[in-house]
Structures are given as C-alpha cells and as structure tokens.
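Sequence order for the protein chains is B and Y. Residue 1 is where the first sequence starts when you use the working numbering, and the numbers rise one by one after that. Residue 1 is where the second sequence starts when you use the working numbering, and the numbers rise one by one after that.
Treat the hints as calculated values from the structure; they're not laboratory data. Errors might be hidden in some of the hints.
What the hints assert, rightly or not - With a straight-line cut-off of 27 angstroms between C-alpha atoms, the simulated BS3-like cross-links for lysine-lysine are:
{"#": "1", "chain 1": "B", "residue 1": "K79", "chain 2": "Y", "residue 2": "K234"}
{"#": "2", "chain 1": "Y", "residue 1": "K234", "chain 2": "Y", "residue 2": "K267"}
{"#": "3", "chain 1": "B", "residue 1": "K79", "chain 2": "Y", "residue 2": "K127"}
{"#": "4", "chain 1": "Y", "residue 1": "K292", "chain 2": "B", "residue 2": "K4"}
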Amino acid sequence: MKLKIWGLKKSIWVFHVSSGACNNCDIEVLNCLTPKFDIERFGMVLVGSVRHADVLLCCGCVTKQTAPRIKRLYEQAAKPCFVVAVGGCACSGGIFRHGYNFAGPYDKIIPVHAYIPGCPPKPEAIIAGAVKLLSTLK
Amino acid sequence: MERIITYLFYFIVFPGLLFTAVAGLLVSWIDRKVTARVQYRAGPPWYQNFADFFKLLGKETIVPEGATGSGFLTSPLIGLAGITLVSTIVWVINLGFVSSFVGDVIVVLYLLTLPSLAVILGASASKNPVAGVGASREMKLVLGYELPFVLAMVVPILKSGGILRLDGLLAYQVKSGPFLYSISGVIAFIIAIICMQAKLTLVPFDIPEAETEIMTGAYVEYSGPALAIFKLTKAMMLFALPVFLITVFWGGLHFNSPVNGIQAVLKYIILLVIIILIRNTNPRLRIDQAMKLFWGRLTVWAIVGIFFAVAGL
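Please construct the entire structure, taking both the sequences and the accompanying hints into account.
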C-alpha cells in the first residue's frame, strides 16, 4: 500500500485536456517540459492516451460542446486519477463565464482536485500546484 | 525433483525474471537519463522506472467495452514469459550453469518474436482503431526485420562450421577469437544492431508506438498492471537483447576474473550507448521506408556478409 502511494507520488503521468482554450495555458504546460523546467526530474511525463494518465491537466473554459466529452474522458481514465484545472478559464470560467455557450467551470462537470489560477499560470505555478496536490496524498 | 527446483530458481530469481527485471529497469533509467542529458535536461532519478512500475501495479485495470478480455489481459504475460526465457537461456549459458542443447540459437530467435506477437495480440484484442493501426505496423515491422536478423545470425553459425548451440559458439569464440573481428562479422553485427533497434521499437523504428502520431499505438487501451507488464517487458528486452548479440558475435560475457568482468560490463555499455545514440539522433521512419530498408539494403548486405563468411573472411 505504501509502495503504491510512493510510486504515485514519484511518477505522475499527465494527460493534457484542452476544452477550447486560447492556447496560452497549453503553451505554458508544454513549457514545463522544456530543458529550463524539465518536469521529468519529478517523474512527470506527458502521455498520449488517457488510460495511462494519473493527472488530467485541464485548460480552457468548458463549452456545451466539450462538456460531455470531458465527462467521458474522466470516466475512461484509470483510477486513481486526479484532475488539475489550469488557468482562470478552467478554474472559474474567466472572461467567458457569461457566454451563451458556457457550460460551467470544470468542477461542475468532474471532480477537480487542484486549481491553478492565472492567465496563463507560469510554469513555476503549475509545478507548485502539482507539488501541493502530491503532498496531500497519504 | 531437485533439478526442477534449480531450473525454476534459474527462471524466476537468477538470472531469470527477478534479476532481468531489476537490471532492465535500471538500464532503461540510463536510457532516459542519457536522453535527457542529450537534450540538456536534468532527467529522472535512478528509481524512476521502479516508481512507474509500482504505480502502474496499483492502478485500475480497464478492459474496454467490446474487447476480448482474455486475449487482452493474457498477452502481456506471453511477452513477459518469452523475454524471461530468452534472458534465462542466454545468461545461464554465459555463466556456465548448465550446458545448452542443439538448436538453442533457433529457440532464442523464435522466443525473441514473442514480445512482438504479444503486442500484436493485445492490440488486436483491444478493439481500438488506433491500436489496430499499431498492431498492423508492428506486424509489418516483424516481417521486415526478421529476415535480415536471421541472415545476420547465419554468419556466426557458418563461420563456426555449423554449430547451432550457444555454448558451442562461445567455446569456438574463446578458441579462435570473436566473430566480430572479421569482415563478415562486422557486417552481420551492424545489421543485427539495426534489427535490435527495431525489435526494441526505439526511434527510428518506433513506428508501432509513435507517441506523437498514434498515441502509443498498440498500448493505447492498456492501463494498470497490464501496462506495467508491457513496460517491464520492454525494459527487460533492453537488457537481454544486447547480451544475446554479445554472446553470438562478441565472445560472450565472462565473470571468472575481474578483468573479464569489467570487459563484459564494458561490452554491454558500448552496445547500450550505441542504441541510445541511434535513438536520439534519428527521426522516425515511415513503415514503407522501414520495409524498404530491411528487405532492400540490409538484406543485400546480410547476403554479402554470408558470402564473406563462406569465403572465410
């Protein structure tokens, strides 16, 4: 049991969910992988399939079009799987919260475990958010 | 009875499953670390692959809707069993625990295709179109590299005068020098290294996985322990395949004196570095380019190598 938690803390595989972001948060997420920040130091790897994911890194405001798909994505992920909302739009809806097509922030659709506000959040902020999420694991 | 227990010990503990798994996970950390350093990154810590493995063991296994559950879940075990058996045979003979049997080179060649077959089986059972694309590519890749690989293996057998036993090949190389130190040996060894890269499905032959193209292809539906076993199989292949090539071409690994031990480790490290450098300096080939390479140029060179071997060079 302890080994499992240790493994989970040291090896987080990230799946990048973008529900129609303006691409700014997406670029900052990719920025974490560059030599300057290199999140592979902490065992974090970007994976291509949601089945491999431990963390869904969600960017962008949820539209009516993407809401059912995000729910399905979360159901497809192997548990335990955590959801991190990155950026103002994902956390609260940001400037789009009064839009006709807005379907609510992420925590209305799926359980969200960590919020990283900012427009866009800096890579340092994203790494800090991930560390805070991992420190709650027991 | 005692014999069965000894063989089971060889298979499960040393030098089989446990030893190869630990060594393989460490070695694939070296791969990741060197790759990171090539890209000016810091890279993961040494226990990274162990953490990945234990994490995946603790996760949920999902069998996708419409998938053939039995085929989907047993295929990782088939691959693992195949590579464990290869590693056991090769190491037991290198360490001189037991003598081998006639034709074990052929047995090892057959068993080395088992991990690829397991990937094809699992991907086809998962009922995912992307996995299907990965499986068909893997199938073509197997068809492609098996021909030059087998032709390259013919060279040492011809040069030794038809010895089909691994310990026979080792004894011959101890007596009259490794096969690598001859023209035909060099040609066959280079071809075998390129085929090994394809067997490990590393860049430039990661066509069946192609993370940026078909999202890890064959593994796309796997999660939890099943994925862990696939990852472990790949790590063990990275450890076992170079050892097999060293055994056949480069005089094998001997640990009877410190000098020989250092030599054995160095041989392995040289092969590993070659693998990592090929992986980091090449773009991915398309499947048709890979087929052209294997069935065209490499096969021709392998036949040239065989001619040299017949001529005694």
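Hint check:
no., hint, result
1, B/K79 <-> Y/K234, "holds, 24 angstroms"
2, Y/K234 <-> Y/K267, "holds, 21 angstroms"
3, B/K79 <-> Y/K127, "holds, 21 angstroms"
4, Y/K292 <-> B/K4, "violated, 45 angstroms"
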